[in-house]
Amino acid sequence: MTIVEASAPRRRCATASSETKDGLKSAPGFTYDKASTTWVPEVIWLARSQARRVEQCMVGGFMKGPSAVPTYADLAVLGKADLAPEWQGERPILCIAGRTLLDEAAAIMFAQLCTAHGLAARVEESNALTTTIIFRLETAGVALICLSYLDTTNAAHIRYAIRRIRRKLPRAIIMVGCWTLGDDEGHFDSLREGTRADLVCASFRDATRLCVEAAKLIDASSDGTKGASETADVIPFSNLTQGIS
Numbered sequence: 001m002t003i004v005e006a007s008a009p010r011r012r013c014a015t016a017s018s019e020t021k022d023g024l025k026s027a028p029g030f031t032y033d034k035a036s037t038t039w040v041p042e043v044i045w046l047a048r049s050q051a052r053r054v055e056q057c058m059v060g061g062f063m064k065g066p067s068a069v070p071t072y073a074d075l076a077v078l079g080k081a082d083l084a085p086e087w088q089g090e091r092p093i094l095c096i097a098g099r100t101l102l103d104e105a106a107a108i109m110f111a112q113l114c115t116a117h118g119l120a121a122r123v124e125e126s127n128a129l130t131t132t133i134i135f136r137l138e139t140a141g142v143a144l145i146c147l148s149y150l151d152t153t154n155a156a157h158i159r160y161a162i163r164r165i166r167r168k169l170p171r172a173i174i175m176v177g178c179w180t181l182g183d184d185e186g187h188f189d190s191l192r193e194g195t196r197a198d199l200v201c202a203s204f205r206d207a208t209r210l211c212v213e214a215a216k217l218i219d220a221s222s223d224g225t226k227g228a229s230e231t232a233d234v235i236p237f238s239n240l241t242q243g244i245s
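Every letter in the sequence shown is one number past the one before it in the numbering used here, and letter 42, counting from 1, is 42.
Hints are not guaranteed to be accurate.
Taking CB as the label site, the calculated pair distances span [to be verified]:
#1 Thr100 <-> Arg163: 29 to 39 Å
#2 Gly89 <-> Glu125: 35 to 45 Å
#3 Ala156 <-> Leu217: 30 to 40 Å
#4 Gly89 <-> Tyr160: 18 to 28 Å
No lab work stands behind these hints: they were computed from the structure.
Cβ atoms here follow ideal geometry from the backbone N, Cα and C, with glycine treated the same way.
Model the full structure from these sequences, guided by the hints.
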């Protein structure tokens, strides 16, 4: 009897210095990403692969058929008719990784949640805000930018990133996603005052709810007193409408 060994997935977990036929170096827990032609942490490869699958399920910025990503039952899934004019661009939400690849993974997950709720989002790596790249950054139709951070101890870095975004997109809402902050209200206040972000969020759910509420076409019959800023873990620094007026 001949035993045939199943082919293994293309990843390297043996040594950090093994040479590949592509001339690239692998490392433990890294997987080759064909799109970027680089070795990346497996969690990033999985997140990017899922994002590409979601893209394949979209037509005109909206999901075709059932969403490939779970949605929050208590949050609306918006259609184009539900969106305010400034949110009707092809990709109204731009998510930018703060500093690390894990920040990028979190940004990808949040972008998928927004997309599942009718707000198409795209993700840029952390180097999108560097001097050589920010001037080429595609911002047409962007209403909200979310900076994704797992580590928010460096408020100066966040403040600098926000300053660069303000110069590029002075009318856009800038939100900082502090995904590991929890209920630390003291740190919330510090970030709000120190970074000058429009909004600070501590969970995917509240950040998604904020985006859904901000994007909704305002009903003329409503008094407009209840808005996206009325969430448990979302702290507005300025009036939401000032960012996109």
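Exercise. Of the hints stated earlier, which fail here?
Worked result: 1, 2
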